[in-house]
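All chains should be modelled from the sequences, with the hints used to inform the complete structure.
2 protein chains.
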Amino acid sequence: MPVYSISHVENVRVCVVMVGLPARGKSLIAQKIVRYLSWLSIKSKCFNVGTYRRKLASPTGADADATFFSPQNKEGVKYREEAVQSAIKDMMGWFLDENGVVGILDATNTTRDRRDQVLRICRENYIEPLFLESWCDDGELIRQNILDVKTTSPDYIDKDSEFALSDFTKRIEYYKDIYQTLDASVDKNLSFIKLINVSSHVILNRIESYLESRIVYYVMNLHIKPRSIWLSRHGESEYNLTGQIGGDANLSERGWKYAKKLPELVLKSLGPENQHTNLTVWTSTLQRTQQTSSFLPYKKKLSWKALDELDAGDCDGMTYEEIEQQFPEDFKARDDNKYEYRYRGGESYRDIVIRLEPIIMELERQENILIITHQAVLRCIYAYFMNVPQEESPWMSIPLHTLIKLEPRAYSTLVSRIKADIPAVSTYKEKGTSQLGESDGGNSVRSRDLLKGDQTK
Amino acid sequence: MPVYSISHVENVRVCVVMVGLPARGKSLIAQKIVRYLSWLSIKSKCFNVGTYRRKLASPTGADADATFFSPQNKEGVKYREEAVQSAIKDMMGWFLDENGVVGILDATNTTRDRRDQVLRICRENYIEPLFLESWCDDGELIRQNILDVKTTSPDYIDKDSEFALSDFTKRIEYYKDIYQTLDASVDKNLSFIKLINVSSHVILNRIESYLESRIVYYVMNLHIKPRSIWLSRHGESEYNLTGQIGGDANLSERGWKYAKKLPELVLKSLGPENQHTNLTVWTSTLQRTQQTSSFLPYKKKLSWKALDELDAGDCDGMTYEEIEQQFPEDFKARDDNKYEYRYRGGESYRDIVIRLEPIIMELERQENILIITHQAVLRCIYAYFMNVPQEESPWMSIPLHTLIKLEPRAYSTLVSRIKADIPAVSTYKEKGTSQLGESDGGNSVRSRDLLKGDQTK
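So the sequences go chain by chain: A and B.
Using UniProt numbering, the letters of the first sequence correspond one by one to residues 1 to 457.
Using UniProt numbering, the letters of the second sequence correspond one by one to residues 1 to 457.
Remember, identical chains collapse to one label, so a pair may be satisfied in a single copy or spanning two.
Computed list of lysine to aspartate or glutamate pairs in DMTMM-like fashion (alpha-carbon distance at most 20 Å, straight line):
#1 K431 with E392
#2 K305 with D316
#3 K225 with E208
#4 K300 with E264
Since the hints were made in silico from the structure, they are not lab data.
Given below as structure tokens:
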């Protein structure tokens, strides 16, 4: 019998249809939803109509400026229509041929005609349409989004900043003329979420399936304040020295050194102007993470069961060599599919993701959090922020005695790694061997760790 | 360091202010929120203004009929004002003296004047007001709620049905005259949830704290369709025979007998008219629950990690006698506070509640579910539906070879227990001893199990 997480209860496929003027954060929301659902093993993909339009129109130069978006520009209308149709066609193909579960149509979809058309195609294909509108009249928010366009929109990569600003503003005006917002009366039969000024006011209509309600809850919890997240494994433990996994050992002498140095690493990562930034510290319930947090000067320290290390069940307290000898088949099965493999009486990486889900939701709500946890748990959290595929995440190297700082940005997450320069054993086990790597003291980054999006400073 | 669940991140106190005409399900929603939050260890209490009003006015006979609720009835207005003031005063006292976290003011609060007054008092006491309106124009829903009044409202206990109906309808009319619904423009500075026709349309405004967002999510997931929930432990296992806890043993011979008989018990519980009701079966990932489900004719069977038995950590596979001998201090500590006690390397009842929370949320969304799980997990699920206090829930007797059927009703949950009449060992350990009870074969119900609200048929 397959094991179900809360996300797999129904046999529902959802098409999230974004709605809103340009510069309302639609693409950002769409990409976050895809990242979140993918992390939960729900097959999701974003279909950005702008990308299709650029493929079609940009080589001809037709979309070089805002006039392309005028409803009076017949050529523009034709290209844009073609782009939408291609995106929808690809999405429906993806649902059908690749068993997609949540597809996102990332476009303005500002007219009721357009939305009716998407609705009809969804219904024909037995896909639930969920409209997600980002509506905004907060001048400052819009201004900020327009300013970001130079750095985020592929349309203005090689263009002058001033041109980008004025042209983009013009483009928005063209859309405004024809924009029909989602309305509780007119659209009362649609399933929709309407976010007003990010999520200060939210209107939900006919949210029925569990999958829809998860998307709603996630979107409700997003905020756009700038913040950072710090991640660290506990300092080297006595079990690390003997190569044993699991347990609840104390820090080794070098582990204590790391704990003492950690406050300094955090200050270094904050930079000279932000030395007084107040962090909240989250640890697991195990001694080695709490000991590692003990010298941090921050008042708010919370310990979470959900941050405890992967439960190795019957193998708790054993070395990899012992596991290989005593449970050779399990040892091989784990190497073959480390994400799914569940220790006898213990957990798999997938199990950790399920118990981490509320932690991720809370992280989305919070501002500056420093998490001190364990190798497998840290891999899962890192995978969420860095969009690392599940088959790779259990093999990432997250060395001891290294502080990782994540800075979520609109379309990627910046990563910095601050090394303590305190030697530690390696706890990294290569596939197909029970041997652990050389001691690296947090001073080396493995090549497999330089994943897409990991812009290690 | 105390262990935090997701519910304890902030130091926020919330006053949920119900808003809506009579017969809109306000009290039902209020009581469900209290039950849910209490189960999550969040101290919550409902203050029903009707109860205060009855204490003041009923002895004088002033509130004998609907005219009491006319805005023109000066005596009525005076009594009702006094009732509201007493309820608010008691609630504020409860926040202050008893460290209450979520208080619910269950009253109509239909005018903006009244709401402004509550708002002011909340702000003076540093309590976050969250307005929760139930708005309804679905004639059938209202009719059903009005019909329920005879059975649910203490105002009509000794009254004739017809009088109750017409009087209550009149009362609603008095409120309608002065009703001001929550409005996105006028009330834009308030935190509010507006449920329109249960939750087919939901408006959220300024939901900011985590606690508020949990309440919103829970309320969004409630439905009012009638349904039942069936609970069963797995059949007797080989470990049960030897008195060992944990593990992943097979069913014993008698356990298999129970598995074979379970389909018949379910049919019996459905009654002659509902033999074709389709159930969904949920099990844990452990063999004994899946074996127990194997003869059930229902197509949809899901296995959940979150339904696995309490993890006994280092004590997994031991008998209570062995635990008492090897870990005498732990053994005593567990008896002293069984809800909080966490096995070395394992879990506490509180930990189970945290991992069951998504299961409970999903149960609220679903219709007919049969859950086959384990003693401790079943106690926690039962405690949620039956509002059993945490200190009692780990001591409830849930015998083997017994099917429990829960039928949630507006103000209570009906329970029936259907016994298989197949002998099984008792797995019930009394406080202060390592001995298990006598074999009861699911044929006896312990007195301590007859808890308030458990209307065992």
